[in-house]
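Put together the whole structure using the sequences plus the hints.
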Amino acid sequence: MPVTSQIAAGGDADFMTVPHLTATGSQVEIGRAFAEQARRVFGWTPEPADRVKARARRAWFARHWPQHLARMQGAADALGVDLEADEVYLDGLTGIPGGSACSASYYPPAATVDGRAVLGRNYDFFTTSATALFALMKGEPVAGDDEPAMSSRPHVLTSVPDDGVATTLITMNELDSCMEGINEHGLAVALLIADVESVSEPVAAGPQVGLASAQLPRFLLDTCKTAAEALDALLGAKQYDLGAPLHYLVADPSGDAFVWERGPGGAEHAVRAEAGALCVTNHLVHRHADPADLPADNAETLLTYERYRTMSERSAGAGLSGERMREALDAVRCDASSDVPYPVRTLWRTVFDLERATMSTHFYLGDAPDAAPRYSPELEFAVPALLPH
-16 MPVTSQIAAG GDADFMTVPH LTATGSQVEI GRAFAEQARR VFGWTPEPAD
34 RVKARARRAW FARHWPQHLA RMQGAADALG VDLEADEVYL DGLTGIPGGS
84 ACSASYYPPA ATVDGRAVLG RNYDFFTTSA TALFALMKGE PVAGDDEPAM
134 SSRPHVLTSV PDDGVATTLI TMNELDSCME GINEHGLAVA LLIADVESVS
184 EPVAAGPQVG LASAQLPRFL LDTCKTAAEA LDALLGAKQY DLGAPLHYLV
234 ADPSGDAFVW ERGPGGAEHA VRAEAGALCV TNHLVHRHAD PADLPADNAE
284 TLLTYERYRT MSERSAGAGL SGERMREALD AVRCDASSDV PYPVRTLWRT
334 VFDLERATMS THFYLGDAPD AAPRYSPELE FAVPALLPH
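For the sequence shown, the numbering used here begins at -16 and goes up steadily by one.
Honestly, the hints are just simulated from the structure, not real lab data. All residues carry an ideal CB built from backbone N, CA and C; glycine is no exception. Accuracy of the hints is not assured; some may be wrong.
[Unchecked claim] Under the rule of at most 35 Å between Cα atoms (straight-line distance), these lysine-lysine pairs were calculated in the DSBU-like manner: (1) 221 <-> 208; (2) 36 <-> 221; (3) 208 <-> 36.
[Unchecked claim] Label-pair distances were calculated between CB atoms; the ranges are: (4) 220 <-> 299: 49 to 59 Å; (5) 299 <-> 68: 51 to 61 Å; (6) 246 <-> 125: 26 to 36 Å.
Now the structure itself:
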């Protein structure tokens, strides 16, 4: 099982350090490699399980997501435990909670100058620890805090399984989940907070049966080739949120794309653009899709409506391209000058070329003395299955 690891961006003197792990072999071997990395970096240890629920989870994964179940077996091997004993939960490879703000957009091939589909996103998140963040959200004072920032150890993960689809993705903290990624077929998925105004602390209920919100993108990348297949998979999947509900931008090279979100009560929506770009930020798009008819932002919306309007305006008309995508994303970047009540930064900007199955990303390294954000050079990560042999 070859596993390579290198630091892609950042270091001890920067806000974040970004390892890039590439794992090949069986899904079991890949799962073992990622579990061992989670133990080293996050101090991950599995949670005690409700045996009835753990058994039901294994059965659900066996039917709907066998790739994930195989990686759970790899995690069990790393720990020397019996997966089928159902004594512990062997996924959720992190020590800290997840979630994100963000802005994203998709340009179909018919609208771009080179005829290639492009998906881009800003990953906006807090620069504090989890304890400090929840104190701020409650209006409480932040005491001395020696916890690491929740977002200071993102990973780029490349998987090339013998028995599955190759993927390249970014995850903030859970090494069995995905913030955004692409597979060898050019299917790309990005997650965002769906209703930032109603965000609350995570519910301490433990893993449930089905897909956790941050697992959903990885499920699609493992099991689907096209956006149409992804929609079918989502309609048939069991999903749950234990905190802030998320929505997802799903797209493929052909021009098919949609935003997947669930409204109050569980109603499911696949929102598509009538033509041209499909934009999404941090409000429910099925409620507010028209950039000319948006509510006003307030202290808790983190400028979701302003960002959506700006992204839509900058993504209108002909001549769209990867560079236009980068310009639109930079126009809504969160930095020290942003009018938001919490310490938020755009921690990375990613642009996917869906035809080439590449992911190009730069990462936040900190603020310069003049408060301008410092970023790494943009790095291109390819899905290895498409690299020339």
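Here is what the structure says about each hint:
no.	hint	verdict
1	221 <-> 208	holds (20 Å)
2	36 <-> 221	holds (14 Å)
3	208 <-> 36	holds (30 Å)
4	220 <-> 299: 49 to 59 Å	violated (34 Å)
5	299 <-> 68: 51 to 61 Å	holds (56 Å)
6	246 <-> 125: 26 to 36 Å	holds (34 Å)
Comparing the model with each numbered hint stated earlier shows that hint 4 is the single one that does not hold.
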